[in-house]
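S.K.: Chains A, B and C, in that order, give the protein sequences. Numbering-wise (the numbering used here), the first sequence opens with residue 18 and increments by one. Numbering-wise (the numbering used here), the second sequence opens with residue 574 and increments by one. Numbering-wise (the numbering used here), the third sequence opens with residue 27 and increments by one.
Misleading hints may appear alongside valid ones.
List of simulated lysine to any residue pairs, SDA-like, C-alpha gap at most 25 angstroms [what the hints assert, rightly or not]:
#	chain 1	residue 1	chain 2	residue 2
1	C	K218	A	N166
2	A	K27	C	A99
3	C	K188	C	R61
4	C	K149	B	R583
5	B	K726	A	S254
6	C	K218	B	R791
7	C	K218	A	K28
8	C	K188	C	G41
9	C	K218	A	P167
10	C	K218	A	R247
11	A	K28	C	G41
12	C	K149	B	V586
13	A	K27	A	L155
14	B	K726	C	M142
15	C	K149	B	R639
16	C	K218	A	L252
17	B	K726	A	L155
18	B	K726	C	K218
19	B	K726	A	K27
20	B	K726	A	R247
21	A	K27	A	R257
22	C	K149	C	T121
23	B	K726	C	H98
24	B	K726	A	A250
25	C	K149	B	A656
26	C	K149	B	V702
In short, the hints are calculated from the structure, not lab data.
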Amino acid sequence: MSIWEYANPKKFMQTSSWALPWVTGLAVVALFGGLIWGFFFTPDDYKQGSTVKIIYIHVPSAMMAINIWVMMLVTSLIWLVRRHHVSALAAKAAAPVGMVMTLIALFTGAIWGQPMWGTWWEWDPRLTSFLILFLFYLGYMALWEAIDNPDTAADLTGVLCLVGSVFALLSRYAVNFWNQGLHQGASLSLDEKENVADVFWYPLLLCIAGFILLFVTLVLIRTRTEIRARRLAALESRERMA
Amino acid sequence: MIALLIRDLRLAVRAGGGFGLGLAFFLIVTTLVPFGVGPEGGTLARIAPGILWVGALLACLLSLDRIFALDFEDGSLDLLATAPIPLEGVVTIKALAHWITTGLPLVLAAPVFGVLLHLPAAGYVWLVVSLALGTPALSVLGTFGAALTVGLKRGGLLLSLLVLPLYVPTLIFGAELVRRGASGMQTDTALLMLAGITAAAVALVPFASAAAIRVNLR
Amino acid sequence: MNVLSVLDLAVSRGGQPVLEGVNFTLQSGRALVLRGPNGIGKTTLLRTLAGLQPALQGSISAPPDSMAYAAHADGLKATLTVTENLRFWASIYGTGDVIPVLRAMNLDALAGRAAMSLSAGQKRRLGLARLLVTGRPFWVLDEPTVSLDAASVALFAAAVRKHLAAGGAALMATHIDLGIDEAEILDLGPFKARTPEAGGIVGGFDEAFT
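With the rest of the complex left out, here is chain A:
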């Protein structure tokens, strides 16, 4: 019994239809639990007041925005090497979710940044690299949409994801270099988060878990839809052959 068994579409459909209700339920519980806990049962920050509570959406969505791209990179590699259709379809399914996560991170960042820094947007390295990541998501999705043959699309988007990952990483460092010394380091470093008090930290962890589960739920649903669409296309092409 190998892990690649789950790459068989039929097996995947079976397993995911069993797992989907559980993941969905857990996602709802963790997300609502974490957000309600964070919004209503944590004290206000002595400096930032209640604006700090946007952290419970901002940090998880920002984490997911990056992790989803990494997940797409891994699934694209699996497709390019092992030719499992489910893997390519999962990458396709994840992209819009990742793009929305990036958008959420950017918007919540702007809403948080306004009272904190007095500006909606700052060309801070971290913000800028998220904007670039957003562009990469857009290009990736546009390429999927533009190509008719699904296998060709899977191959080309896979190659794009590979090259894009390298350049996204390069951009991250380039942007750091570019804005060196212009900005007073008011960036939202994850390391600083480790210092936040436990009273903020635990609901944040729950929110992160909730976002991960939400992502898994959405990707499972979307991958199932993609597989069904492919089945439909296969049936139609068979009808034409007969």
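With chain A fixed as given, assemble chains B and C onto it according to the hints.
M.R.: Chains B and C in isolation, oriented as in the chain A frame:
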């Protein structure tokens, strides 16, 4: 290989404006910018490195969709793919031809455009150096984008969307090199990073481009 | 000597199997003409043999660097002259002089003309002249006689026969009778891919989808 380069250059010349078009576009960009931001010399001098680099990047983008599209339509791409030269070599030569027709004229003409934008005297050397080091990467990455979109009917816009994010590191280090050079700051890091990105892109990206062409031809 | 042997080959177009169980061999000095209605997969089969797309199943064996492929489109550059077009391909394939080839295809009067000023039939002749300059023994031709008049077809047939007589081989998809005695005919109709229900092979497109 050299025959392919000669053919592509000859085609660019015969098609009319192969060399001049990118330059003319570059000129228009540098002419329009002062209209947009005002004629004040100090402002222009400050934004000149950025404008010149963004202009070079856009001029480069203009001719990208023609790199493979014509060969794809008339069937020569099929024939080149079955010819006894590696496809990786074909895409590298295509990128080189694109650089000679687009990047090289920009490198040579850039100082003139620098004058128009009041670039500080110390910046001219760095402008030429940065463009000479950076534009090959633009051509190679553009060839990759063109390879991805070669079979598509309306690939042009998509091509820009795919390629421009890939240009970000080159743009940042290139413009930064000119800015630092013009203001007499240290240039080592930007110079080395720019050269490194170009070297890596020229060495590795053609493999991805050739893979994309193979996928698109099948 | 076999220049090509095809064993149990299945090919697909757009992820969908079109031909399966194709078996044939081709010997030097012989030509094989593929026949079949439009859409049967002649072009797909030829592209697969030329290595432009992967086979779904089966094996193709041919000596390395023996094949020259010519598609529907001639791959000519409109702004280059006839000689420049040919010289380019000659140097890509590392072969020599293009003058005898121009003469053989009755193109020497047009040598200095830009390819865009040629008629459709003249372009086609130039496309076939390209095959001659490759110096490859095994030609894979997709509809080589489209838009040729009777005299040009005869010229083309003569070129093919000369090639065969010199130990070459040719595989072509064409509808008309070239009058080449060495040619065998292979009807692709019986190799049409069946649906998986009828026992046909499952294409990459719907791998394990049921």
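S.K.: What's the verdict on B:K726 and C:M142, does the C-alpha distance respect the 25 angstroms limit or exceed it?
M.R.: 23 angstroms, holds
S.K.: Measure nothing beyond the straight line between the CA atoms of C:K149 and B:V586; if it is 25 angstroms or shorter, mark the hint as holding.
M.R.: 22 angstroms, holds
S.K.: Regarding the pair B:K726 and A:R247, is the alpha-carbon distance no greater than 25 angstroms?
M.R.: Given pair B:K726, A:R247 holds - Cα atoms ~23 angstroms apart, limit 25 angstroms.
S.K.: Is it true that the CA of C:K188 sits at most 25 angstroms from the CA of C:R61?
M.R.: 23 angstroms, holds
S.K.: Against the 25 angstroms threshold, does the CA-CA distance of B:K726 and A:A250 hold or violate the hint?
M.R.: With a Cα-Cα distance of about 22 angstroms, the restraint between B:K726 and A:A250 holds, given a limit of 25 angstroms.
S.K.: Does the structure keep B:K726 and C:K218 at a Cα separation of 25 angstroms or less?
M.R.: 30 angstroms, violated
S.K.: Is the straight-line distance between the alpha-carbon of B:K726 and that of A:S254 25 angstroms or less?
M.R.: The hint holds at about 23 angstroms.
S.K.: Would you check the hint for A:K28 and C:G41, treating anything up to 25 angstroms between C-alpha atoms as holding?
M.R.: OK: A:K28 and C:G41 at ~22 angstroms, within 25 angstroms.
S.K.: Hey, C:K149 versus B:V702, does the alpha-carbon distance stay inside 25 angstroms?
M.R.: 46 angstroms, violated
S.K.: Is the straight-line distance between the alpha-carbon of C:K218 and that of A:L252 25 angstroms or less?
M.R.: Answer holds: C:K218 to A:L252 is near 18 angstroms, not above 25 angstroms.
S.K.: Can you confirm whether the C-alpha distance between C:K218 and B:R791 stays at or below 25 angstroms?
M.R.: Holds, at about 20 angstroms.
S.K.: Regarding the pair C:K218 and A:P167, is the alpha-carbon distance no greater than 25 angstroms?
M.R.: Distance of about 23 angstroms is within 25 angstroms: holds.
Of the numbered hints given earlier, the model fails hints 2, 7, 8, 13, 18, 19 and 26; all others are met.
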